[in-house]
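J.: So you can see what is in the structure, the chains are spelled out below.
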Amino acid sequence: DAGVIQSPRHEVTEMGQEVTLRCKPISGHDYLFWYRQTMMRGLELLIYFNNNVPIDDSGMPEDRFSAKMPNASFSTLKIQPSEPRDSAVYFCASSLGTGDGYTFGSGTRLTVV
Amino acid sequence: QKEVEQNSGPLSVPEGAIASLNCTYSDRGSQSFFWYRQYSGKSPELIMSIYSNGDKEDGRFTAQLNKASQYVSLLIRDSQPSDSATYLCALNTGTASKLTFGTGTRLQVTL
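Protein sequences appear in the order of chains A and B.
So the first sequence is numbered by our numbering: it starts at 1 and just counts up by one.
So the second sequence is numbered by our numbering: it starts at 1 and just counts up by one.
Derived by calculation from the structure, the hints in this document are not laboratory data.
Just to be clear, a hint being listed does not mean it is correct.
Claimed, not checked - Here are some of the chain B residues that sit facing chain A, going by a computed Cβ distance under 10 Å:
#1 S43
#2 L46
#3 N53
#4 D55
#5 Y71
#6 L75
Unchecked claim - Per label pair, the in silico range of CB-to-CB distance:
#7 B:S69 <-> A:E62: 32 to 42 Å
#8 B:Q80 <-> A:N51: 35 to 45 Å
#9 A:T38 <-> B:S49: 17 to 27 Å
#10 A:V113 <-> B:K67: 20 to 30 Å
#11 A:I5 <-> B:K67: 29 to 39 Å
#12 B:S8 <-> A:E62: 19 to 29 Å
#13 B:S82 <-> A:R9: 36 to 46 Å
#14 A:I55 <-> B:Q70: 38 to 48 Å
#15 B:I18 <-> A:P81: 48 to 58 Å
#16 B:S69 <-> A:V12: 39 to 49 Å
Remember, predicted model here, so these are calculated numbers, not experimental data.
From the three backbone atoms N, C-alpha and C, an ideal C-beta is built for every residue, glycine too.
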């Protein structure tokens, strides 16, 4: 298995632009998670899906953030408009089910200038 | 009180020594506990899971869980320079599949 695949690896964008991050979970994993990691706040859960349905989006910072999972093999996290404070590493992770650990993707390092 | 607390370190241990990493948590309902290792610039990697009180050993790693005292620890025996990384404690809080992470302890194994 190729693991959790994220793209792009790095993204540099100007403030106000739209940013779309992509994730392909491990086949057969029913759960997909989006996390953001910064030095100050560590790993923060943004949203997670179970069987393509959003279950908990309480960690999404504000309306500028949105996430979709149109099918079992693809998810996007979109920021529109982007702001410098959104600069962070965004990780996607997937898991088989309740009580299981996650497998993380390689992450997307986002820099908003 | 934070949900998951870890000393940020750095924790410095000499090569060959035992490294002891600790984590405390606030939610008594937590049932699943995990340790992740994260090298600088890389993604977290699952190294241990533990679900019941006591010790669980896997090679040089031992996870210890004490639900009454609300702490979980990770022991690394015969520490190697390649163990130098940040170790993240994670556990489920509330909804079973949602993990909350500590901010991590940075471990440095010196030659």
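J.: Look at each hint and say if it fits the structure.
T.: Right, here's what the structure says about each hint:
no., hint, result
1, S43, "4 Å, holds"
2, L46, "4 Å, holds"
3, N53, "16 Å, violated"
4, D55, "18 Å, violated"
5, Y71, "19 Å, violated"
6, L75, "19 Å, violated"
7, B:S69 <-> A:E62: 32 to 42 Å, "38 Å, holds"
8, B:Q80 <-> A:N51: 35 to 45 Å, "41 Å, holds"
9, A:T38 <-> B:S49: 17 to 27 Å, "26 Å, holds"
10, A:V113 <-> B:K67: 20 to 30 Å, "46 Å, violated"
11, A:I5 <-> B:K67: 29 to 39 Å, "36 Å, holds"
12, B:S8 <-> A:E62: 19 to 29 Å, "28 Å, holds"
13, B:S82 <-> A:R9: 36 to 46 Å, "24 Å, violated"
14, A:I55 <-> B:Q70: 38 to 48 Å, "26 Å, violated"
15, B:I18 <-> A:P81: 48 to 58 Å, "50 Å, holds"
16, B:S69 <-> A:V12: 39 to 49 Å, "46 Å, holds"
Hints 3, 4, 5, 6, 10, 13, 14, counting from the list given before, are not met by this structure.
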